[in-house]
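Quick note, the sequence shown lines up with residues -25 to -1, 1 to 650 if you use mature numbering (1 follows the signal peptide of the UniProt record, and there is no 0).
What the hints contain is simulated information worked out from the structure, not anything from laboratory work.
Some hints could be false.
Below, computed lysine to aspartate or glutamate pairings styled on EDC-like, alpha-carbon distance capped at 16 Å [to be verified]:
#1 K328 to E269
#2 K530 to D507
#3 K328 to D429
Estimated spans, in silico, between C-beta atoms of each pair [as the list claims (entries may be wrong)]:
#4 S427 to Q307: 17 to 23 Å
#5 L66 to R396: 22 to 28 Å
#6 S342 to V50: 50 to 56 Å
#7 R396 to Q171: 44 to 50 Å
#8 A426 to Q146: 54 to 60 Å
#9 R42 to S427: 43 to 49 Å
#10 D272 to V510: 47 to 53 Å
#11 H112 to L192: 54 to 60 Å
#12 R396 to T275: 50 to 56 Å
#13 Q527 to T362: 49 to 55 Å
#14 S225 to Q440: 26 to 32 Å
#15 Q306 to Q146: 53 to 59 Å
The beta carbon of each residue, even a glycine, is placed where N, CA and C say it ideally should be.
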Amino acid sequence: MNNEVLGFRALLLVAAISFFGLAAADNATCSDGVVAALEEKCSSGANAPTYEALLASYSQQCVSSTRALRVLAPVAVQPWLGRQAVQFSGLHSQGTIDVKNVDYYLVPSIIDQQLSGLALQDLWIVDGGSLAELVDHNVTLALDGFIANDPAVDWGDFHPTWAAQSTYGNQIVAMPIDSDLFLMYWRRDVMEQWQQPMPATWTELAQLAAAWNARVLEAGGGDASAAAGANSSSPDGSGGGGGGNANASSLPQPRYGLCLNDARLCMHQPMLSVILASITQRGGPRTGWFVDLEAADPLTAVQLVNGSAMAAALEAYRALLAQSPTGLACQQTLGMFAEGACLFTINFGRQFKALQAAPVRGSVGISLPPGSALVLNRDTGALLPATPERCRQPARAGNGSSWACLAPMLVYGGTYGVISRFNDPSYQALAYRFLAYLTSSVAQWDGIFDASTDQEPVRSSMLGQRAVQMLSSVSGLWGYTNFDAADAAAYIAALQAGFASPNQAMEVNGPGSFVMRGLRVRMGVHSGLQSDSDVQLNRTANRMQYTGVGLQMAKAMCDCAHGGQILMSEAAFTQLAVESLKERVMVLHMGEHRYGSKGAQPRALTAPTAMAVAAVLREAAAAVAAGGGGGDPGGGAPVASLRHAEIPPAAVAGAGTGSGSWFRGPQPPAPGPAH
């Protein structure tokens, strides 16, 4: 090949690289694959020119692009994240930051489209349930080197719970931005007046709420003022105290003993999860609450949600919902509590800010949710009374005569920043600097002081007495008017207790978690034909057309399911290789059901006629809220209502050998003996 031809090809390659380099920079796809493809097409022969200089030029054009740093984040972190982006850009000369805000549930599906190559964003803001999926796809950039060379980040100040959640395989793959914890809120002023002990178990909470509701009815319905005043600790019966609220005597008395959301797709999943965890998880987070992390067989491991523990959790949840008003909109209970209408409610810890306005400000009690009086024996399926020997976080119940097992729930597992390992190193470095800025004390306090955000502390230095002083004294930032000192102290104390708990219930996560975040469809699968005439070719549509009993059975299976479920008849399931299913799919035995005019009715709980490949707690709880579900809390058989259940985001499957080897996720320190 002559030099003139080689020179012409080199010139074409230079032009092509220049063009593709600019386009790639614009589209965040500066990929070596473009250059490799051009080289393969344009170069040949022993005298082919070297392209090191051209590659360097290509990289320089991509790296020197003026495009902004791209960030994908859920809308919940706005306007805090947008404000930090503006402030960071003012401190650095690399350009602006482009934040793409989407609905929380869309973040995983958007990232899922980018797992096979270069990411469209340089920094992903994700929930804890997504981390294992990203690690499993090997797309996360290890941050150990950055952190080791950046003393200002003060990694040791991150609370051990959230630092551990950011570490997989001895590598730091994320940085915590926000924490979360399920908390119980209650009217401190009313409980002081009523002089009733705080409920330690779910049963005690239901009973206390029922007692208050009865007092409301005795007082004439919608106003419990007379009932509360009759037993007031104040001599004149007008109330008082209020834990720092000078206007406690004028506070409206609660109309309801307990306020829980019964709206679908709202709070059912975390509520049923925290109840179930207090029954199933006795030995700390390494043992698991939704799946048995010590079990070698995945099918055995998932039975925690398919037996006596789930039956008891459903019954406990039903009892709580019976004491709560019905027909509420999602998160309506938070506003009701803020208005003084509720004695107790359970919600996310990050919602505390919404309770710092009149009339309840200064009268907000905060604690960990109750625990279970019964705990599961995983070997026998029996439910046993909780004792210090059977639970890693026991608490006195029944006025000191019994015990409860607590399992504080780290709902959604917090919020983290993750950097794609495939993007250009210069943008990786810039993404880290921005992430380090977001996790700094200055930015964190900015978020906590912002009444419009859900920011919650992740640093140990923000969880002590100094934090209480800051929360109750600083004002004037972003509309922040400081918290009541007593409320702030209760809030920080509850966070400390939850984050330090030896029996934390972690957000379930693992490979396959993204599948449960997208559009949920239901499917019914049946195999079998009564006659050849059940299958005919529709020549007009040019497709096969099915009729007969087989089609009716498939439709009936589909009608039994909900979004996110694939139900198989026994005939279909027996034709599948069960061992191969274990590798990527979770299979739950859902019992035998007969489909009739009133829907699917349980006939027996022994034969595996219906198999569920995926099932989520949120829908099981919805069935309870609608009056379904239940079962014998003392029995070991699967509960019939689990046909409504679906697995919380992130449960998984991957076959393996040895204890817990099929489940991957952040591993907290190994627990000592349960005591």
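Which of the numbered hints above does this structure break?
1, 2, 6, 7, 8, 9, 10, 12 and 15
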